[in-house]
Amino acid sequence: MPIIEVDNLSKQFGEIKAVDGVSFKVEEGEVFGFLGPNGAGKTTTINMLCTLLRPTSGQARVAGLDVIKDKNDVRRAIGLVFQETTLDDYLTAEQNILFHALAYAVPSEVRKQRTKELLTLMELWERRKSKIRTYSGGMKRRLEIARGLVHLPRVLFLDEPTLGLDPQTRNRIWDYILDLREKQGLTIFLTTHYMDEAEHSDRIAVIDHGKIVALNTPDSLKDQVGGDVLTISSDNNELVEDELRDKYGLVPEVNNGTVSVRVPGGEEFLPQFVRAYEGTLQSIGLRRPTLEDVFLHLTGREIRDEKVDERALMRNAMRARYR
Amino acid sequence: MSETYRGIWVVAFRELLRFVADRSRMISSFMFPLIFLVVFGAGFSRIVGRLEGDVNFIQFIYPGIIAMTVVMSSLFAGTSVVVDREYGFLKEVLVAPLSRVGIILGKALGGSLTALIQGTIMLAIAPLVGLSISPLLVLQLLPTLLVLSLSLSGLGILMATRMRSQQGFQFLMQLMVFPLIFLSGVFFPVQGVPTWLQIVAKFNPLTYGVDAIRQIFLGPRASGLVAELPGNETISTGVILFNHPMGIIEDVAVIGAIGAALLLAGVWSFSRTEA
Numbered sequence: 001m002p003i004i005e006v007d008n009l010s011k012q013f014g015e016i017k018a019v020d021g022v023s024f025k026v027e028e029g030e031v032f033g034f035l036g037p038n039g040a041g042k043t044t045t046i047n048m049l050c051t052l053l054r055p056t057s058g059q060a061r062v063a064g065l066d067v068i069k070d071k072n073d074v075r076r077a078i079g080l081v082f083q084e085t086t087l088d089d090y091l092t093a094e095q096n097i098l099f100h101a102l103a104y105a106v107p108s109e110v111r112k113q114r115t116k117e118l119l120t121l122m123e124l125w126e127r128r129k130s131k132i133r134t135y136s137g138g139m140k141r142r143l144e145i146a147r148g149l150v151h152l153p154r155v156l157f158l159d160e161p162t163l164g165l166d167p168q169t170r171n172r173i174w175d176y177i178l179d180l181r182e183k184q185g186l187t188i189f190l191t192t193h194y195m196d197e198a199e200h201s202d203r204i205a206v207i208d209h210g211k212i213v214a215l216n217t218p219d220s221l222k223d224q225v226g227g228d229v230l231t232i233s234s235d236n237n238e239l240v241e242d243e244l245r246d247k248y249g250l251v252p253e254v255n256n257g258t259v260s261v262r263v264p265g266g267e268e269f270l271p272q273f274v275r276a277y278e279g280t281l282q283s284i285g286l287r288r289p290t291l292e293d294v295f296l297h298l299t300g301r302e303i304r305d306e307k308v309d310e311r312a313l314m315r316n317a318m319r320a321r322y323r
Numbered sequence: 001m002s003e004t005y006r007g008i009w010v011v012a013f014r015e016l017l018r019f020v021a022d023r024s025r026m027i028s029s030f031m032f033p034l035i036f037l038v039v040f041g042a043g044f045s046r047i048v049g050r051l052e053g054d055v056n057f058i059q060f061i062y063p064g065i066i067a068m069t070v071v072m073s074s075l076f077a078g079t080s081v082v083v084d085r086e087y088g089f090l091k092e093v094l095v096a097p098l099s100r101v102g103i104i105l106g107k108a109l110g111g112s113l114t115a116l117i118q119g120t121i122m123l124a125i126a127p128l129v130g131l132s133i134s135p136l137l138v139l140q141l142l143p144t145l146l147v148l149s150l151s152l153s154g155l156g157i158l159m160a161t162r163m164r165s166q167q168g169f170q171f172l173m174q175l176m177v178f179p180l181i182f183l184s185g186v187f188f189p190v191q192g193v194p195t196w197l198q199i200v201a202k203f204n205p206l207t208y209g210v211d212a213i214r215q216i217f218l219g220p221r222a223s224g225l226v227a228e229l230p231g232n233e234t235i236s237t238g239v240i241l242f243n244h245p246m247g248i249i250e251d252v253a254v255i256g257a258i259g260a261a262l263l264l265a266g267v268w269s270f271s272r273t274e275a
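Chains X and B, in that order, are what the protein sequence lines are.
Using the working numbering, you'd call the opening residue of the first sequence number 1 and step up by one each time.
Using the working numbering, you'd call the opening residue of the second sequence number 1 and step up by one each time.
Since the hints were made in silico from the structure, they are not lab data.
Do not rely on the hints blindly, as some may be mistaken.
[To be verified] DMTMM-like mimics (lysine to aspartate or glutamate), calculated; alpha carbons at most 25 Å apart, straight line:
| no. | chain 1 | residue 1 | chain 2 | residue 2 |
| --- | --- | --- | --- | --- |
| 1 | X | LYS211 | X | GLU199 |
| 2 | X | LYS211 | X | ASP20 |
| 3 | X | LYS69 | X | GLU94 |
| 4 | B | LYS91 | X | ASP70 |
| 5 | X | LYS222 | X | GLU268 |
| 6 | B | LYS202 | X | ASP66 |
| 7 | X | LYS183 | X | ASP208 |
| 8 | X | LYS116 | X | ASP175 |
| 9 | B | LYS91 | X | GLU268 |
| 10 | X | LYS69 | B | ASP22 |
| 11 | B | LYS91 | X | ASP73 |
| 12 | X | LYS116 | X | GLU126 |
| 13 | X | LYS112 | X | GLU123 |
| 14 | B | LYS91 | X | GLU199 |
| 15 | X | LYS131 | B | ASP22 |
| 16 | X | LYS71 | B | GLU250 |
| 17 | X | LYS112 | B | GLU86 |
| 18 | X | LYS131 | B | GLU86 |
| 19 | X | LYS183 | X | ASP73 |
| 20 | X | LYS129 | B | GLU250 |
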């Protein structure tokens with residue numbers, strides 16, 4: 001039985017359809033990536049799944065429980081890590097976890113054992129008596145993941161879990177997450193702007209304008225893009241474009257001063273094109289499609305161009321400075 | 001139902017944890033009332049003289065200062081809602097399996113308990129102003145302070161449910177706190193001011209809080225106490241509502257009624273904003 005079932009879910013804010021008839025299923029133990037440009041309906045969908053927002057129509061079940069009728073049972077079954085910090089800075093790590101455990105009615109022996117286990121796993125046990133104010137961004141994020149797991153949830157929602165963290169910290173956090181999934185059979189529902197992070201997903205759904213535009217494994221999505229990606233820059237990009245279109249019947253796109261085009265069997269095509277091209281080429285590159293290309297192909301936008309929720313980033317930075 | 005009970009005590013427990021963790025807050029909420037006590041007490045004592053029954057001006061305002069301390073820290077329950085929202089912690093509370101009613105009542109209770117602690121600490125200076133404390137007095141005072149602080153926490157929370165920024169809320173608080181305190185009879189007998197001001201004061205829940213606490217300290221004589229105005233006119237220092245001099249129990253009942261209405265409105269407003 002799937003652990004998350006979404007059926008024709010919609011949310012309307014006034015005139016705007018933020019989420020428009022979305023349906024998908026997530027299997028137990030899966031890492032499920034949920035991608036989309038800002039304003040595409042990602043956060044709205046997550047908020048409905050974790051009972052923070054009431055759907056306008058449609059249904060959603062998490063761990064077999066209805067998100068409207070069994071609100072509190074759904075809340076007990078899920079753990080959440082939001083993109084902005086939701087810790088109490090004035091309390092210690094241990095006190096933050098204590099609050100969480102009490103709020104979720106976790107029995108005290110279970111709490112003590114889980115606290116030790118999770119804080120040790122996240123390498124925060126030594127610092128459990130320090131106030132959160134003294135924690136670094138990476139430590140806070142690790143603590144939030146630990147806290148989200150104290151009540152033994154079946155699904156962990158990670159909304160931009162490594163936003164604003166340095167690459168080393170990001171890698172470590174991912175090691176922890178994958179380890180947890182291995183050991184606890186946890187289902188992970190992930191949103192991210194980092195495509196290398198999305199690669200960890202077993203399956204990825206791409207949402208745009210409130211609708212799911214693709215849902216498949218990362219590899220199948222890359223194959224869908226249609227062959228390898230050739231990027232060319234030259235003195236005269238228009239000439240390159242014309243030639244690709246007229247001579248080879250391809251569909252080139254111009255982005256940031258380079259022409260990119262999808263070609264099946266790129267290795268053979270490349271020498272052929274270079275030999276025949278009359279003008280001067282500055283650079284030429286050939287690569288397998290990445291999730292970045294998938295995203296561009298599906299939404300017409302590069303995910304990097306998106307403002308990575310600047311307000312959240314700024315708020316985190318300000319907090320680090322002033323508190 | 002268990003989601004409501006758990007909400008109340010878990011949220012209140014965290015308020016207490018935080019109160020202990022953040023000492024600066026404790027000090028700042030004492031400073032304001034203490035300054036008033038010293039400045040007004042020292043400044044007016046000589047001019048005002050004594051009220052009938054040998055009560056000097058400091059002794060007259062001291063019960064009001066206790067009420068003021070409680071008000072300041074009760075309204076903090078509202079600040080705490082706004083701060084939690086601004087710094088994200090509110091989200092952690094909202095996604096927990098707790099009812100909205102429980103969360104709000106927990107905030108109010110947490111704010112009240114901290115206010116009660118502060119009010120009790122203020123008792124320590126009673127001997128300094130020449131008032132004595134008996135176990136009976138403490139027994140009367142604590143429930144009164146609890147009702148008063150629950151009511152004002154309700155007010156703070158009601159204001160906070162719609163506010164998104166701390167600065168905005170602080171501004172609104174300042175706007176509320178001064179009229180609340182100055183139009184409550186902390187510094188003057190309510191019966192002695194012009195009628196329009198009397199009407200305003202009688203809508204102010206703090207007026208009844210100050211009156212009840214004053215009667216607890218100065219005895220029933222406070223309500224019958226007479227102040228002499230120029231021209232040999234005399235007034236009562238208590239509060240007279242519809243020609244009826246208010247007793248302690250009646251005062252507490254009025255605060256309780258206003259507070260219940262404020263809390264209900266707060267719960268309603270909060271449940272509407274946060275689904």
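Evaluated hints:
1. X:LYS211 / X:GLU199: 22 Å, holds
2. X:LYS211 / X:ASP20: 6 Å, holds
3. X:LYS69 / X:GLU94: 33 Å, violated
4. B:LYS91 / X:ASP70: 19 Å, holds
5. X:LYS222 / X:GLU268: 20 Å, holds
6. B:LYS202 / X:ASP66: Violated - the C-alpha atoms of X:ASP66 and B:LYS202 are around 50 Å apart, more than 25 Å.
7. X:LYS183 / X:ASP208: 34 Å, violated
8. X:LYS116 / X:ASP175: 19 Å, holds
9. B:LYS91 / X:GLU268: 55 Å, violated
10. X:LYS69 / B:ASP22: 39 Å, violated
11. B:LYS91 / X:ASP73: 17 Å, holds
12. X:LYS116 / X:GLU126: The hint holds at about 10 Å.
13. X:LYS112 / X:GLU123: 16 Å, holds
14. B:LYS91 / X:GLU199: 29 Å, violated
15. X:LYS131 / B:ASP22: 11 Å, holds
16. X:LYS71 / B:GLU250: 42 Å, violated
17. X:LYS112 / B:GLU86: 30 Å, violated
18. X:LYS131 / B:GLU86: 19 Å, holds
19. X:LYS183 / X:ASP73: 24 Å, holds
20. X:LYS129 / B:GLU250: Given pair X:LYS129, B:GLU250 is violated - Cα atoms ~48 Å apart, limit 25 Å.
Of the numbered hints stated above, those contradicted by the structure are hints 3, 6, 7, 9, 10, 14, 16, 17 and 20, listed in ascending order.
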